[in-house]
Every structure is written in structure tokens, then in C-alpha cells.
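Fit chains Z, E and U to the known structure of chain D by using the hints.
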Amino acid sequence: MSEKPITGEKRVFMTGNEVVAWAAVAAQAEIMYGYPITPQNEIMHYWTRLAPKFNKTFLQTEDELSAGFTTIGGVLAGKKTFTATAGPGTVLMQEPLAMAEMMRLPVVVVVMQRGGPSTATVIYSQQEVTLTTFGGNGEGFRIVYSTATHQDLFDYTIKAFNIAWKYRMPTFVLGDGYQAKMREPLTMYDPEERGVELVKPEPYVGLPGMPGEERPPGHYRNTYNTEEELNEVVNDHVKAYEQIQNELPEHDEFGTENADLVVVAHGVVARATKQAVEALRAEGLNIGYFRPITLRPMPDQALRAMADRTKKILVVESAQGQLARLLKESLYGKTVEIVPLFRPGVGVTPEEVMARSRELVA
Amino acid sequence: MAKLAKIMIAGEGGQGIQAVAEILAEAAYEEGKHVLYIPNFGVEQRGGVSVAFLQIGDEPIGSPKFEIADIIVALSERAVGRTRQYVGAPTVFVYDTMVATGKVELPTGAAKVLAIPGVETAKKELHPRVFNVMIMGAVIEATKVVSPENAKKAIEKRLGYKFEQDPKLRELNYRAIERGMELVGEVLRGGQG
Amino acid sequence: MADFEYQQKELKRGTFTLFPGLCKGCGLCIEKCPKKCLGWSETLGVYGMPAIEPINKEDCISCGVCSTVCPDCAILVERYGKEEKKKKEEH
Amino acid sequence: MAVQPAMPRSWRRETKPHKFCPGCGHGIALRVLGQAIDQLNIQDRMVFGCDIGCSLLAWDFFNVDTVQTHHGRTTPVIVGLKRARPELVCVAYMGDGGGYAIGAQHLVSAAMRNDRITVILINNTQYAMTGGQMAPTTLPGQKTETSPYGRDPDMTGHPTQGPEMVATITPESAYVARGTISRPKQLHKMVTRALENQIAGRGFSFVEILATCPTNWRTNAKNTWKFIEETMPTHFKVGELKVPEAFQAAAGGEGARADG
Chain D
1 MSEKPITGEK RVFMTGNEVV AWAAVAAQAE IMYGYPITPQ NEIMHYWTRL APKFNKTFLQ
61 TEDELSAGFT TIGGVLAGKK TFTATAGPGT VLMQEPLAMA EMMRLPVVVV VMQRGGPSTA
121 TVIYSQQEVT LTTFGGNGEG FRIVYSTATH QDLFDYTIKA FNIAWKYRMP TFVLGDGYQA
181 KMREPLTMYD PEERGVELVK PEPYVGLPGM PGEERPPGHY RNTYNTEEEL NEVVNDHVKA
241 YEQIQNELPE HDEFGTENAD LVVVAHGVVA RATKQAVEAL RAEGLNIGYF RPITLRPMPD
301 QALRAMADRT KKILVVESAQ GQLARLLKES LYGKTVEIVP LFRPGVGVTP EEVMARSREL
361 VA
Chain Z
1 MAKLAKIMIA GEGGQGIQAV AEILAEAAYE EGKHVLYIPN FGVEQRGGVS VAFLQIGDEP
61 IGSPKFEIAD IIVALSERAV GRTRQYVGAP TVFVYDTMVA TGKVELPTGA AKVLAIPGVE
121 TAKKELHPRV FNVMIMGAVI EATKVVSPEN AKKAIEKRLG YKFEQDPKLR ELNYRAIERG
181 MELVGEVLRG GQG
Chain E
1 MADFEYQQKE LKRGTFTLFP GLCKGCGLCI EKCPKKCLGW SETLGVYGMP AIEPINKEDC
61 ISCGVCSTVC PDCAILVERY GKEEKKKKEE H
Chain U
1 MAVQPAMPRS WRRETKPHKF CPGCGHGIAL RVLGQAIDQL NIQDRMVFGC DIGCSLLAWD
61 FFNVDTVQTH HGRTTPVIVG LKRARPELVC VAYMGDGGGY AIGAQHLVSA AMRNDRITVI
121 LINNTQYAMT GGQMAPTTLP GQKTETSPYG RDPDMTGHPT QGPEMVATIT PESAYVARGT
181 ISRPKQLHKM VTRALENQIA GRGFSFVEIL ATCPTNWRTN AKNTWKFIEE TMPTHFKVGE
241 LKVPEAFQAA AGGEGARADG
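Protein chains in written order, with our numbering: chain D, 1 to 362; chain Z, 1 to 193; chain E, 1 to 91; chain U, 1 to 260.
Here chain D stands alone, though its shape is the one from the complex (with noise of 0.2 Å):
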């Protein structure tokens, strides 16, 4: 069978999970490689249910290296892979995604963040932020999307795919519990008929031709002799990087403008914050909203632009400072205050950000 899963525009009502399935499907991944954990399994198990149809297939490994390391063999195969993982599962990812790094290897990770430390909570925290972008023994040469709704996780999925394939960059999506199980609406496309290119995958290995006689052999590795055999590698990734930095970022925002204060929230606690803001607004209250698309390159620019319009920044997020960190390096040499609203392993309401942006203004 190869008729397009998804035609015309789709109005459909589904969890998160189910989304994230159906968004690889329309971005014409080929396979998954993966390891229980909640609360990402449902990706899984609608995966697996969807892949024959479109003669797709699944491996379901014995632990996360596996998922990962067998997602790199995928790629390496030149077919569209991802995998996808939470908590302790993100830890055990790193190995093999730290060798993607260094590889330059395009593999989909849909990380759908847990409670942490260790096995804590599934569902509703942002904890896995620092080790989604800067993960693994080295520089965080990745990509990472942080979705708010339904509508994000299946285009950001689809974009993953192909900003992974484009770039040769290990890609994420970044959701958490909430998004993973609950349902809401959203509008589901093909991508093609939307416009949207599809950028297609190229093998590394297995190429025609006989190697070391008719083509030079692929030979890719990890473990350099030399200092300066890594050193000159790396350096060639950093440049690689600057052009994502210029090219990629990505942000939402919206009364910025000489605001008092900005709420600065990513991912699902963007959605309570939004509302929050909305409402203050509606008030009469200066306060403006700014939203980080992408963690990783994040969105300096537009970052440091708002910073120098506004009077404070109220940061808000799940976790303990972990955005709060990446923003403070955007915004290095700012004087602009940062007040933290921090509240780790646990959900914001829109009503407790909209308490505590009163007292920052009053």
C-alpha cells in the first residue's frame, strides 16, 4: 500500500501521542526504533498500528541505547528513523545521540518529558530541558523544538524530519506528559499538498559501485587519533552550527513593545502564560508574552531585541531554572531583571502566573 495517509486538511480530536504517530507517518518516516516508558508509549502503540498499512515497520529494542543506537544504524541505512523516550529513557539516549552529534547523523527524537530526578513523576514537567539541548559529553550540536498544543507536535514533528535530513543534525521534539495524554482538536495535512517539501533521506552506507575502486569506501567513526583531528571536526560543527543559529530559531510573542514586564514560558507552561497574559492585557496591564519555539539554537536575536523594550522578565517553566539558564545566556550583558517563577515537576496555571505578574507591576 502506498496511497498518502492523509489527504486534504483533517479536523481531528486525538491525544498527543496519537499525534506525534501520524505526524511521522505524513512526514514519510520510515521506521521506529523503541523502548517503553511513559508516557510516550501511545506513539508506539499507534505507530505500530498505522506502519503496516504504509509498509513501515518497528523494532521494539531491549533498553534506550538500543532505541537510539539502532535509530542511527536506520539513518545510516538512509531511511527516515526516530525514536522516542522520556526520563530516565532521555538519560540512556544520550550515549547514542552524543554519537549523532559527532556524526552529524539526522535522527527524530520525540522526547516527551516526565518528572525528574530519576523516575519521579509522567506527566506535566520541563526537566528534561538541559539534557534534551545540551545532553550528552559535548557541545549540544542539536536541534530542538519545544511544542505548546496539538497543532505544534504534528507540524513540528513533520519539520523535525526534515530540518534533521537538511542539516544532518539530531532533531527533537519536545512535549511532556500533558501533551502526550491529553486530547484536543487539531488540523492534520498532508504536508506535500500543503507546499511543504519533504526533504528526502540519503543513505551513508550501502551507496552503488564498488567501494575503494569505483567510489571511496564510507568510513565514519566517532574516536579520533589526534587533538587536533577532534579539535579541526568540532570546529567544522560549530560553523555548521552558526548557520543553524541564523537560520532556525524560532519564537512566538506578542506585546513587547516598551511592556513593564514580559512572561517569558516555552513548550506547554506557554499555554497558561499565554492566557495569563491575554487576561492582564485585557486589564489594561503592559505586560507582554514571548515564547521560545526553539531551545536549541534559541531565538538570541529577537531574545535580545525584547529584552531591550521591556523592564523585567518574568521566566516561568516547570523546572528549576532550566530555561531560566538558556535565557540568561541569550540575554549575557542585559541588565534587564529576571524574576523566576519556578515551579519543578508541577503545572502552571494561568492564575498563579497572572498573581504574580500583578505584584511585579504593581
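Be a bit skeptical, because a hint or two may be false.
Ranges of calculated distance between the beta carbons of each label pair, as one might list FRET restraints [unchecked claim]:
no.	chain 1	residue 1	chain 2	residue 2	range
1	D	Arg-215	E	Asp-59	45 to 51 Å
2	U	Glu-145	Z	Glu-12	55 to 61 Å
3	D	Arg-11	Z	His-127	32 to 38 Å
Using 20 Å as the maximum straight-line C-alpha spacing, the simulated PhoX-like pairs for lysine-lysine come out as follows [claimed, not checked]:
no.	chain 1	residue 1	chain 2	residue 2
4	E	Lys-9	E	Lys-82
5	E	Lys-35	E	Lys-82
6	U	Lys-222	E	Lys-36
7	U	Lys-143	E	Lys-36
8	Z	Lys-124	Z	Lys-168
9	D	Lys-159	D	Lys-200
10	E	Lys-35	U	Lys-143
11	Z	Lys-3	Z	Lys-144
12	E	Lys-57	E	Lys-32
13	D	Lys-334	D	Lys-312
14	E	Lys-12	E	Lys-85
15	E	Lys-12	E	Lys-36
16	E	Lys-12	E	Lys-82
17	D	Lys-166	D	Lys-200
18	Z	Lys-168	Z	Lys-153
19	U	Lys-222	E	Lys-32
20	E	Lys-32	U	Lys-226
21	E	Lys-32	E	Lys-87
22	E	Lys-87	E	Lys-35
23	U	Lys-143	E	Lys-32
24	E	Lys-35	U	Lys-16
25	U	Lys-16	U	Lys-143
26	D	Lys-10	Z	Lys-103
27	D	Lys-4	D	Lys-53
Since the hints were derived computationally from the structure, they do not count as laboratory data. Using N, Cα and C, we set each Cβ at its ideal position, and we do this for glycine too.
Positioned in the frame of chain D, the structure of chains Z, E and U alone reads:
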């Protein structure tokens, strides 16, 4: 935010809480409303209190998490305890008369606290299996988030294949919705709380 | 592609070729030779250690064991064909 | 034309002499593998995966597409590759530490799933690249950097019986053998069969190869041979452990036996 209904249904595993929430969510979605449904928090997917968080409104829904629910239906002692933190001034708190109020403290500060004889009515008048559908009727009456007709359609969509085999089941389910609505209607009119 | 330098010796039953640029002087071949006809050479191998050479040329039966146990493909043993054998005997 | 060394066609001459130490068994194992690649004519549809540890030194060894992975993770990379491109012949090449310690779960799981890949594992009784620490395969009483008084099996267990384990957990279509670099002809047969079994799509194929490590064993040539030919076989029995019927039929009932 005015027209947004924040609903919380809680009970023991096996009481059919999530099925009710799902049908309600589907019905509201089919009506063209904005809906956000979260089945459970926590690791308590096995052996814990089953909780459904449901938001239904006319505008896109923001935060999935809310502080205060507009309506809470708690169907066991543990469920009463689990939902208490979501009770506030606007909350209509509905619990089943089977809940041993001696064992658990009912919330204070709600707009209304209502007891409905759900388990008992289902057992005596209908069938224990449609208890949850009756509860759905209760929620519909208390919130008006969907019309009874659309709720019936949603049930039809979900259980239609069973109704084909046994049309009596359809009637039983429909009666359960109506009876649930009546129960809440009665207590609301009775002015308890 | 550069060729490897080699030293070739004509022995009773075949030619013995050593590629000093590949020989690391491990000596596995010396120990494994069933006729004990290999020994250390004046020539240095790739890591500056003595390479090997046939020292008991008369005893070599060109069995090729030395080449099959060489981890570096530094030894090539080629047995004479019938023609070459005849030529040798005539001399 | 000048006389050429008898390197397999699939070897990459530009990277020779290879990076392994003098007397290292990897060279013989990789020559045997190269010969099998030539013989089966699979050089242009092969992927060679090597691990961390000494095996990584083979990252540019062949004129074959090669991926060097993380310690113990060559198996899942090759599994992922093979699942994505079943037409390729995929080999995971690793040491005893990578296969039996840090990557044991991958070896076990790939074997149990009967993944159609070939795993070649070099057993030289210790972690060689990192300087000679105790490995799962270290012999009782053997001195290593982390068992300076000799391995005490009471405290640290007995040498891993890898092929025996793999043979136990795989179905009949798997091929499992233990060879030694001291018998290259027999080893050649085993490696060839391990590849053929994959090419035929039958099942998981596993060859453990007893290999020399004079550097860490601190042995001269004589004692190197003595250790691999006399000492190691007292714990590691060389021979085929599992041969699918197809091979037995083809060989007229004769497999490459222990003395082959």
C-alpha cells in the same frame, strides 16, 4: 474564559470514569466546541484514583492545568479526597450517596455540595453497568456543555456495534443519561448544599 | 597506490617474499614454522624492529604456514609450478 | 608489476600496515574476514561495524562501508541498519568487553530475536585498548591490571562462555562457532558460514575468535602461541556449536569440526 467549563470526574478504577469523560469530550468536539481532555495524572494509572480533567469551551483552550473546577463529580471516598484541592467558590461538588461521609471530610467553600444516589439508582432502576452513563447525564445537566442529543450520538458512535446486537442496551443507556440528568435536576431544585 | 617494497628469495620449492614495510617483527611466524627455518633479519621492519627472513633455506618446504599466521600479510610464499620445478632441478 | 602482498581484495591497501600491535590476532581475524568477503563477492553490499576498544582500529581497514560506534553498541547499530536495508550484509565486529560486558544486553537480545546479522567477537581475555584490565573472558588466576593477583572466580566469576550462551538462546537457524586465529583455515570456514547464513536470511550468526594480545599478555612469540593454543582452550572449546541443517546437508553431513 467566561464560557469555559472546567470539569473533573473522579472515582475508582473500573467505575468507567474515563469512558464517560471520553464520550463527553467526543460529543463536545462533534458540536464544534473546543475541548481539552486529560485522562490521569501521576503514576496512579494502576490501582489509584481515576481522574478525568475536561475543559470545554467556545475559545481555544490555554492551560491544560486548572486550579479550580466548575464541577467536580467524586464517586468514592478516595475520589473526594483526591479532588478537594480543586474546590473553590464557583465549584459545584457532586458526590455519590454511597460515599461514606463519615470516612472522608466533604469539601467546604464550594458553591454547592450535592449528593446524588447514583449507584443506588443504577442498581435499582437500571443496571449497575450503566452507572457511569448516568453520571455523564448528571454532568451534562450540571454544566450544559453538550446537548443530551449529542451525548446520545456520541454513545451511539462508541457502542453502536453493541446496540446492533441488543437494541435494549441502547434504550438502557439513553434512559441512564436522562435519569442522571434528573438526579442532578432534582437536587439542584431541592436547593441542597 | 604505492607498491610495498619487498625482498624475494628463491628457495627449493618456491619463492619467499617479505614486505619489510608490513613486518612488525612479532615473531609469530618464527615460532610457528614447522621446520624452524625462519629467523631475525638484518633488515628492519615497519616499527624499527628486526624483520624476519629464511635462515635455514634448505629446510623450507614452502608450506606457507608463516604467511597464514602473519597478522600483517607481510609474507608471501609461492610454490613453484611444475615447469619452474623442472627448471630448478635441471640447474 | 611488482610482487604484491597476499592481501584480500577487500582490504584497503592505503591503510596498511594496519594500526594493530605486532602479533595482534585482529590482523588474522580481519584477513580471514576479508578473504570471506572476497570469496562471497559481497564487498559492494557490505557494512562493517566496529566497536570501541581495539576493534575501532579497523574503522578504515577495508574498502567496505564502515561505521565505528560506541562501546558495546555496534550490535544495535548493525541491527538497525540491517532492519532498514535487509539486502546489505551487515557485520558487527567487537571485543569481549564490548560484547560480553557493556553490550551484553544487545548481544543477547539480537540473538534472541534471531536478527539476520553476523557478530564477530574477538576474545583476547582482557580489555586491550584501555591497558589490560580484567574482562568477562579473563581466565581464573590470570593477572590483569584490575586483577593483579590473578582473577578470583569466587569474587569475579568465571570466563564468559559466549558462544555457548548464544547457542542456547538462538533458534536452530542460527550459526554459532568459536574459532581461533591459530587455525586460520578452520576459522575461514566458520566466518564464511556466518556470512552465508546471514545472506541466506536464515538467522543470527556468531563467531567468537580466540585472538592473541602479546602486548597486554606481555608474552614473547613462543608464549603467545602457548597461551592461545594450550591455555585458552582449557576454558574455551574451539568448534562449531550450532550449524543450520542447510550447511550440514551441503557438507555431506560433515561440519567444520573442532579439529577441522
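Each hint, compared with the structure:
{"no.": "1", "hint": "D/Arg-215 / E/Asp-59: 45 to 51 Å", "result": "holds, 47 Å"}
{"no.": "2", "hint": "U/Glu-145 / Z/Glu-12: 55 to 61 Å", "result": "holds, 59 Å"}
{"no.": "3", "hint": "D/Arg-11 / Z/His-127: 32 to 38 Å", "result": "holds, 35 Å"}
{"no.": "4", "hint": "E/Lys-9 / E/Lys-82", "result": "holds, 18 Å"}
{"no.": "5", "hint": "E/Lys-35 / E/Lys-82", "result": "violated, 23 Å"}
{"no.": "6", "hint": "U/Lys-222 / E/Lys-36", "result": "holds, 12 Å"}
{"no.": "7", "hint": "U/Lys-143 / E/Lys-36", "result": "violated, 31 Å"}
{"no.": "8", "hint": "Z/Lys-124 / Z/Lys-168", "result": "holds, 17 Å"}
{"no.": "9", "hint": "D/Lys-159 / D/Lys-200", "result": "holds, 13 Å"}
{"no.": "10", "hint": "E/Lys-35 / U/Lys-143", "result": "violated, 33 Å"}
{"no.": "11", "hint": "Z/Lys-3 / Z/Lys-144", "result": "holds, 11 Å"}
{"no.": "12", "hint": "E/Lys-57 / E/Lys-32", "result": "holds, 16 Å"}
{"no.": "13", "hint": "D/Lys-334 / D/Lys-312", "result": "holds, 11 Å"}
{"no.": "14", "hint": "E/Lys-12 / E/Lys-85", "result": "holds, 9 Å"}
{"no.": "15", "hint": "E/Lys-12 / E/Lys-36", "result": "holds, 15 Å"}
{"no.": "16", "hint": "E/Lys-12 / E/Lys-82", "result": "holds, 13 Å"}
{"no.": "17", "hint": "D/Lys-166 / D/Lys-200", "result": "holds, 9 Å"}
{"no.": "18", "hint": "Z/Lys-168 / Z/Lys-153", "result": "holds, 16 Å"}
{"no.": "19", "hint": "U/Lys-222 / E/Lys-32", "result": "holds, 9 Å"}
{"no.": "20", "hint": "E/Lys-32 / U/Lys-226", "result": "holds, 11 Å"}
{"no.": "21", "hint": "E/Lys-32 / E/Lys-87", "result": "violated, 30 Å"}
{"no.": "22", "hint": "E/Lys-87 / E/Lys-35", "result": "violated, 25 Å"}
{"no.": "23", "hint": "U/Lys-143 / E/Lys-32", "result": "violated, 26 Å"}
{"no.": "24", "hint": "E/Lys-35 / U/Lys-16", "result": "violated, 29 Å"}
{"no.": "25", "hint": "U/Lys-16 / U/Lys-143", "result": "violated, 32 Å"}
{"no.": "26", "hint": "D/Lys-10 / Z/Lys-103", "result": "violated, 49 Å"}
{"no.": "27", "hint": "D/Lys-4 / D/Lys-53", "result": "holds, 10 Å"}
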